[in-house]
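Student: Each chain is listed here by its residues.
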Amino acid sequence: MAEQMKLEEATLSDTGKDDLDNIYLPHLMVIQEIAQETPDVKSMKLVFKDEEMQKNFSFRTGQFGEFTVFGVGESTFNICSSQTWRDHIECCFRKVGRVTKALWEMNEGDIIGFRGPYGNWYPVERMEGKNILFIAGGIALPPVRCMIWHALDLRDKFKDIAILYGARSVADLVFKRELEEWEKRDDVTVVTTVDPGGETPDWKGKIGFVPTVLKEMSPRSDNAIALVCGPPVMIKFTLPVLYGLGFAKEDIITSLENRMKCGVGKCGRCNVGNVYVCKDGPIFTAAQVELLPEEY
Amino acid sequence: MSDEEAKVTVQEAEKKSQPVLKTLRPENLSVLIQKGLDLGYKVFAPVKDGELVTFEQISGPGEVFLEGITTRMSPKSVFFPRTEKVFSYRIAKEDIALGDQKDFAPPTIILGCRPCDAASLPIMDRLFRWDYQDRFWNERREATLIVSISCLECDEACFCTSVGLAPDSTEGSDILLTLVSRDQYLAEIMTDKGADFVEKTGLFDQAGADLDKAAATKAVRGKLGQRFDLDKIKPWLDENYEHDFWKEVTRMCIGCGICTYVCPTCHCFDLVDEAHYDGGAKNKNWDACQFAQFTVHASGHNPRPDQVSRHRQRIMHKYKYYPDNLGATLCTGCGRCVRHCPMEVNLIRILNGICELSAGELPAEAPESK
Amino acid sequence: MIEQIREKAKELLTSGEVKVVIGYENGGMPETTRPVFITSPDEVERLIWNKHCYANLANFFVRKEVASLGKPAIIAKGCDVKAITVLVQESQIKREEIVILGVTCEGVGEPLLSKCPICDVNTPRDYNFLFGKEIAPKNGINKSADVEEFERKSPEERWEFWEEQFSRCIKCYACRQVCPLCYCEVCIADKNQPQWIETSSHTRGNVHWNLIRAWHLSGRCIDCGECERACPVGIPLSLLNRRLAKSVKERFGYEPGYDQEKAPPFTDFKQEDSQEFIR
Ligand SMILES: Cc1cc2nc3c(=O)[nH]c(=O)nc-3n(C[C@H](O)[C@H](O)[C@H](O)COP(=O)(O)OP(=O)(O)OC[C@H]3O[C@@H](n4cnc5c(N)ncnc54)[C@H](O)[C@@H]3O)c2cc1C
Ligand code: SF4
Ligand code: SF4
Ligand code: SF4
Ligand code: SF4
Ligand code: FES
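Residue numbers (this note's numbering), protein chains in the order written: chain A, 36 to 331; chain B, 1363 to 1732; chain C, 5 to 283.
I should point out that these hints are in silico values taken from the structure, not numbers from a laboratory.
Don't take each hint at face value.
[Unchecked claim] No more than 16 Å apart at the CA atoms, straight line, and that leaves these computed lysine to aspartate or glutamate pairs for EDC-like:
1) Lys84(A) with Glu1456(B)
2) Lys1410(B) with Glu168(C)
3) Lys1575(B) with Asp1545(B)
4) Lys1455(B) with Asp145(A)
5) Lys68(C) with Asp1668(B)
6) Lys1404(B) with Asp1465(B)
7) Lys1580(B) with Asp1668(B)
8) Lys1447(B) with Glu202(C)
Full structure from sequences and hints, please.
Tutor: In structure tokens:
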């Protein structure tokens, strides 16, 4: 009886339309697979509960979503899978606060809410035919990883691909399996590094901070685009190195992570200068970021 | 809908090419209110409770209080309540069922809106109709008739005339009433929605050609004067994100947020979950850039770490970012923030200071020496 | 009297004994004043003192925008000084690191604010320099007359009253921001792990907030009435504060802000404390 009442009260079980009138209403997604990446990072494969929705859903690499743990809250994560994958999406998150802690506790088969895709995406057309340098620090690999897979899936469209990924310690490296997979390929250069003191006895990668290792790597900047995501300090010290290597500000791309709520340009939270990061971003060139007040 | 189309506000979409002029006898205002109620509208009007005058839903014309200047809280809460459920969910077995909101936009009248408050609505339409559509705001806007009354009084905090409005401006009103003589309101009927209602009530008479709204509001216009020069504000803001002025004028601000909560044009919100044992809801709650927690990242990093940067955001957003993005100043000069700030931070003073700085003069209160 | 205050402010700033004088200047609206932070001896003329000097400037000690200016002198009424005393007791400031320019006060506001007729600190109880003619403390005032009056109502009537009042609260938290004793870096209302106070501004969430706020100030609130003055929707917060103050006085014989040496009841356990609430 109680069961029946509940289902009657719930007027909307079919969320399989993307043109929902209510922009705050999420779609339901099932957690298909969970992988623990580091002591405090997990990644999840998600599929829409509604198969039709899954079939019709499309997004562009680099966009983000608003993920709801019902009764707890909503968090903003990058969709860290590539637009070339159609059977599921992925997200990867660090356990830091209320929502991410609750999400951490969830199991395969559980249901979460998803609103999106929101925001802009990587300028793929502009990147095609170019050498691509991916630089990521710590938990910021996911927003880069989606584009790495995008480029690898459509490998012919891009020229040289190099990946520089650094984390505090070996334990903090996310997507280790994939790093190994990429390392085995001969059409990608992969350099991994950990901060001094973060290495293990059998660590085979580099030891040193990302900017230092980047200098050593000394990648060519002609016909190249660099994609950089990481903690603010890393970005701060990496940009000058890139400039030194001859990268133009327009050819350096990053993703901002301002606090967001609505994701759709309404709630005002992500407003920085004349942009709404959720609407005009999160992806900006270094040249665009330079024009913003330093409120990110 | 494209951004350009979205910038067409609810009023503009329905606006008559030429306002229709009629008259209403003051004693018929109560009859009008009763008619509205009888026709099944929800009616919101200023109501006095002790010292406090706010917009509330009324059940009879006797409750309405039309004296005084603006109400304490603005009528924005009719469209954007301080807390509102945007969907609910139930946990049933292994499943979750979502419940959308329904019937949240019944036919409504806001009566006794001041022109500054009415003007705030089309300004905010631009945001809520921009790109993604906020149906909670938009559908209520479409279902609501705004009957405003021109101001014949003002106080020192009012500054509508300094932001391009006036005590008798029609922006945002479906019907604007101006008391042009002791026994006559001039009714300017601005939209089809307004005309429909006028028709239904049968209380309005043809207006003679001799009715002069400007004469009726001349005195108050004179008193309002021009408190600062709007044209100087944005050019200065464009150039002076970094300026010691910000520190000097905002040091007494304690970040209480009153200025944003009483403001008819502030629209920032939070989305929070509220759980019960087998279900819950997502609520859309007022929030504001004046609060320290507003922008804090989960890491603890705060991009706007002090009250100076938070207050600057308020001014920048209202007088630069919003105009740049959405083509309108996010302020109607209602004066509420000036009136109710416990520390008398005073927006008029700040804007005046900016005018003086842009004229190359020192602000009236010389900045403290280093 | 303002002349003497300006004189003293100038002297303190010139000698470098203090770096900033926190006082009042004329506001832009009639009958208003604004907190002002004078850092140069040339600017002391901006300082004023009148019936509209409402703000409890002790609020600014803990604000980094002001603390960063250096050692302060502060213009303080008797009630404001009580807040300073509590801040010192609670180790938020060191008494020797501030200079109190006490002013005697016959009440602020026209009509007087509700705290003024029941004030017994017209002459501040602590100061470095005193301005104005000393005013002897009034005798035999009943500080909880309004509470007693209110308590004559039935519990149902009282609940109805408060429910009505709190239903209006818009959760701006101005009552907290304006309070000199609400100095927590992260307020319990802003904590979400766990979530102590519902963030939504419906009556339940509002009651939640208002009761917790009052409770956190019990035995600490010095009745400067700033919360009530600031509240944009006119909730009589002082009535609630005085109700708790009455209990604290009855049970522990304690009134906050009067004596720096006397330990506040909630930081001090005594064997003979009334225990009858533990049943
Ligand atoms: C574009 C973008 C992409 C991002 N991508 C990633 C990513 O891929 N991976 C990643 O790990 N991080 C990402 N982040 C950062 C991520 O959004 C935050 O780290 C995360 O949202 C914070 O975690 P939390 O929600 O657990 O934190 P908290 O701050 O503890 O919780 C915030 C949430 O809890 C709820 N809440 C907060 N306060 C209250 C309250 N008082 N009452 C009720 N509810 C409350 C709200 O719903 C709120 O959304 C991204 C951010 C942005 C802007
Ligand atoms: S300006 Fe005034 S009302 Fe606004 S946050 Fe600051 S102190 Fe509060
Ligand atoms: S900023 Fe102040 S004057 Fe302008 S609309 Fe808001 S409350 Fe009114
Ligand atoms: S950012 Fe601040 S000033 Fe702008 S709408 Fe939001 S609360 Fe108001
Ligand atoms: S100041 Fe008033 S409205 Fe604001 S939170 Fe406090 S009680 Fe509520
Ligand atoms: S997240 Fe709400 S406006 Fe950007």
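Student: Against each hint, give a clear statement of whether it holds in the structure.
Tutor: Okay, the hints, checked on the actual structure:
A C-alpha spacing of about 12 Å is found between Lys84(A) and Glu1456(B), which places the hinted pair at or below 16 Å, so the restraint holds. A distance of roughly 15 Å separates the Cα atoms of Lys1410(B) and Glu168(C); the hinted pair therefore holds under the 16 Å criterion. Our distance criterion of 16 Å between C-alpha atoms is met by Lys1575(B) and Asp1545(B), whose separation comes to about 14 Å. Straight-line distance between C-alpha atoms of Lys1455(B) and Asp145(A) comes to about 11 Å, which keeps the hinted pair within the 16 Å bound.
Of the supplied pair hints, the one linking Lys68(C) and Asp1668(B) holds, its CA atoms being roughly 8 Å apart against a limit of 16 Å. Of the supplied pair hints, the one linking Lys1404(B) and Asp1465(B) holds, its CA atoms being roughly 13 Å apart against a limit of 16 Å. Between Lys1580(B) and Asp1668(B) the alpha-carbon distance is near 43 Å, which puts this suggested pair outside the 16 Å criterion. For a cut-off of 16 Å, the pair hint linking Lys1447(B) to Glu202(C) stands: about 14 Å separates their Cα positions.
Hint check: a violation occurs at hint 7 only; the rest are consistent with the structure.
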